[in-house]
Amino acid sequence: MTALGLLAMALSLRIVISDLYARRVPNTWLLAGAGVGAVLVAASALSSSFTDILPHLLGLLIGFAALIPFYAIRWMGAGDVKFFAVLGFLLGWQALLPVWIGASLLAGLHSVTVYVWRGVRGFLPMRAMSLQNQISDRLQQRPALQTMQAARQGRVGIPYAAYLGFAAIAWVLWSINGGSP
1 MTALGLLAMA
11 LSLRIVISDL
21 YARRVPNTWL
31 LAGAGVGAVL
41 VAASALSSSF
51 TDILPHLLGL
61 LIGFAALIPF
71 YAIRWMGAGD
81 VKFFAVLGFL
91 LGWQALLPVW
101 IGASLLAGLH
111 SVTVYVWRGV
121 RGFLPMRAMS
131 LQNQISDRLQ
141 QRPALQTMQA
151 ARQGRVGIPY
161 AAYLGFAAIA
171 WVLWSINGGS
181 P
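For the sequence shown, full-length UniProt numbering assigns the number 1 to the initial residue and increments by one for each residue that follows.
Hint data in this document are derived by calculation from the structure and do not stem from the laboratory. Model, not experiment: these values are computed from the prediction. Warning: the hint list may mix true and false statements.
[What the hints assert, rightly or not] Pair by pair, the computed Cβ-Cβ distance ranges are: (1) Val112 - Val39: 33 to 43 angstroms; (2) Ser111 - Tyr71: 15 to 25 angstroms; (3) Trp117 - Ile17: 16 to 26 angstroms; (4) Ala78 - Val112: 36 to 46 angstroms; (5) Leu31 - Arg121: 34 to 44 angstroms; (6) Gly119 - Asp52: 46 to 56 angstroms; (7) Trp117 - Gly178: 48 to 58 angstroms; (8) Tyr115 - Ser48: 47 to 57 angstroms; (9) Ala32 - Asp52: 17 to 27 angstroms; (10) Leu46 - Leu20: 34 to 44 angstroms; (11) Met129 - Leu20: 21 to 31 angstroms; (12) Tyr115 - Ala32: 16 to 26 angstroms; (13) Tyr21 - Ser48: 37 to 47 angstroms.
C-beta: ideal position from N, C-alpha, C; glycine also.
Make a model of the complete structure from these sequences and hints.
What follows is the structure, encoded as structure tokens:
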């Protein structure tokens, strides 16, 4: 495993936790990951060839350009776009399509599950709906869930950055276990 792959996995894990918990992608972590990645890419280029920088720069530019339209039409948060660009920088442009496909499949599964659950709830017997409401009320009273809701500050939606992180981790593991990047 390369140092950039390990860095991408560590950053992805941090972003997954943050996005699932608070629906936030901290800029400090993105900047730190990009900064350490820039040092690693520069060191690699100095020891071998400056053409080694090109896949990483293309990954940064393509990653940003690919998702910025979704931010512009308010389908996605800025943190998701920046995280995808940083992943492109760390892993190179070759990783972007598989990571994007994996994340989009996970996000689609999330959406379908939410819509199916909303549809099914209307057909549940009254006793089952009452039980579900009681369980939901009890969960809402848990301090851990209240803390998480407070951390989200009303932000809702699909945790796309978390799904990008899961897909990036899977891609790195796949590429070191016989897949070709």
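Hint by hint, here is what the structure shows:
1. Take Val112 and Val39: their Cβ atoms lie about 41 angstroms apart, and the range 33 to 43 angstroms holds.
2. Taking 15 to 25 angstroms as the suggested C-beta distance range, the pair Ser111 and Tyr71 conforms, at roughly 18 angstroms.
3. Between Trp117 and Ile17 the beta carbons are some 24 angstroms apart, a value that agrees with the proposed interval 16 to 26 angstroms.
4. The beta-carbon spacing between Ala78 and Val112, approximately 26 angstroms, falls outside the hinted interval of 36 to 46 angstroms.
5. A hinted range of 34 to 44 angstroms for the beta carbons of Leu31 and Arg121 is consistent with their spacing of about 42 angstroms.
6. Checking the proposed 46 to 56 angstroms range against Gly119 and Asp52 shows it holds: the Cβ atoms sit about 51 angstroms from each other.
7. Under the hint 48 to 58 angstroms, the C-beta atoms of Trp117 and Gly178, about 37 angstroms apart, miss the expected range.
8. Checked against the hint of 47 to 57 angstroms, the C-beta distance between Tyr115 and Ser48 comes to roughly 50 angstroms, which is consistent with it.
9. Taking 17 to 27 angstroms as the suggested C-beta distance range, the pair Ala32 and Asp52 conforms, at roughly 22 angstroms.
10. For the pair Leu46 and Leu20, the beta carbons lie near 38 angstroms from each other, so the given range of 34 to 44 angstroms is met.
11. Range check, Met129 to Leu20: Cβ separation about 27 angstroms, and the 21 to 31 angstroms hint holds.
12. Between Tyr115 and Ala32 the Cβ separation comes to about 37 angstroms, which falls outside the hinted range of 16 to 26 angstroms.
13. Roughly 39 angstroms separates the CB atoms of Tyr21 and Ser48, a value that falls within the hinted 37 to 47 angstroms.
Of the numbered hints given earlier, the model fails hints 4, 7 and 12; all others are met.
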